[in-house]
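Keeping their order, the protein sequence lines are chains A and B. Residue numbers 1 to 226, in our numbering, belong to the letters of the first sequence in order. Residue numbers 1001 to 1226, in our numbering, belong to the letters of the second sequence in order.
These are computed hints drawn from the structure, not numbers from a lab. Source: prediction; values computed, not measured. Watch out, some of these pointers could steer you wrong.
[Stated by the list, open to error] Quick list of simulated restraints, FRET-style, between CB atoms:
1. A:K73 with B:D1214: 49 to 55 angstroms
2. B:D1156 with A:L188: 55 to 61 angstroms
3. A:W45 with B:F1139: 27 to 33 angstroms
From the three backbone atoms N, C-alpha and C, an ideal C-beta is built for every residue, glycine too.
Number of protein chains: 2
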Amino acid sequence: MELKAVVFDLDDTLYLSTRFNLFARRQAIEAMMLRGLNVPFSKQWKLLNQIYEEFGSNFEKHYNVLMERLGRKNDYRILSAGVSAHHAAKNLLSYFISPGCFELLLFLKEKHVKIFLLTGGIPVKQWDKLNLLGIADFFDEVFVVEDKHDGRQLNDFLEFYDKLGFKRSDCFMIGDREDVDVKPMKKLGFKTIRVFQGKYSAKKKTTADFKARDLFQVKKILEKNL
Amino acid sequence: MELKAVVFDLDDTLYLSTRFNLFARRQAIEAMMLRGLNVPFSKQWKLLNQIYEEFGSNFEKHYNVLMERLGRKNDYRILSAGVSAHHAAKNLLSYFISPGCFELLLFLKEKHVKIFLLTGGIPVKQWDKLNLLGIADFFDEVFVVEDKHDGRQLNDFLEFYDKLGFKRSDCFMIGDREDVDVKPMKKLGFKTIRVFQGKYSAKKKTTADFKARDLFQVKKILEKNL
């Protein structure tokens, strides 16, 4: 192959979202306890993580539900402390960049490989991460789709990619998830690397062309496939 | 009279919301320009303030509208920088407490005067301000109503107040606005002090019992009415 382009996933690939999310939730619970929420940390922790599982990360009212389930529905004094502390945690977001991220992106730049981002979520939230991580300017193009499960949403990216005139097999897709990253992109003809970071890393079975523990290993794989 | 209680408004009374809002908007525009929005500051400033006038401060998408009106609707890279910088400004919220606020609240505590808050807005946002300003614990009771224009919304507060057994004329209402603070509370029998802070301070006409430039003057007025 002739490596022409790399398509990255963001969460738990270039950015350790699972670790950051746990950090922000811990900060929030801590702040609520300091403002007087007399419920053991472990109980809140379990409940809050369940609520995130149940409603998904793009839901806007995790802490409202937590307070409701703790029988403190209208205690805005404490609720606001949690929400505020969770948001304030973003000031430290740049520490949660995946180790090796800058090395990898700089290496690709030097080799004149195109760099794309293909991520699921809410555009302004995903861009916020890129800005706070300080990596926004590395990308030749960024695609934020609502739902990577929905193949149709990849159309914008595919149309753009195919216009470039590169073979799909000359492009690597790098992501953490089997279902939304590896499988659909492999099916479309892209080469794939699965990075075992974050909450999906326990599921070891993969159809990816390559496996990597972190971005340092990704760099090595790409070097060999230049 | 025998001063038994004081009811405070929050925005532009205990907290200089107008000044903070202008600060946060400046920070946001600055961040957007640094991320590449090549539109003169003065143009953005005028537009953004118009948008706040038009949609009100509890609208959630001021910066989306700004970008739309600048013909950059889907430029999430820049949009996110603005939104993020505006929120980050909250880290400095405690500097925007009204001068004399702590002195006044501590004075009332010493004199065993009850302290209430009666504010319009979204509960979690108003509580967030109290927490960030560090004054949440001073209040004997906090009432956040959606709309102080709507007299019916004062019912919770009135019911609570009247149960205390104090005469309404033994309680001062302190706020910055003629329409939602002074008039309705005076009509209900409370004593009123209008504080000339923030964007409503230009309209000088008032029916308030007392006028004050700031919270130091409020303290003097209350001392004389103990």
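Cβ distance range 27 to 33 angstroms for A:W45 and B:F1139, holds or violated: holds, 30 angstroms
A:K73 versus B:D1214 beta-carbon gap, inside 49 to 55 angstroms or not: violated, 37 angstroms
Range agreement (Cβ of A:L188 with Cβ of B:D1156, hint 55 to 61 angstroms): The hinted range 55 to 61 angstroms holds for B:D1156 and A:L188, with Cβ atoms some 59 angstroms apart.
Checked against the numbered hints given earlier, the structure breaks only hint 1 and satisfies all the rest.
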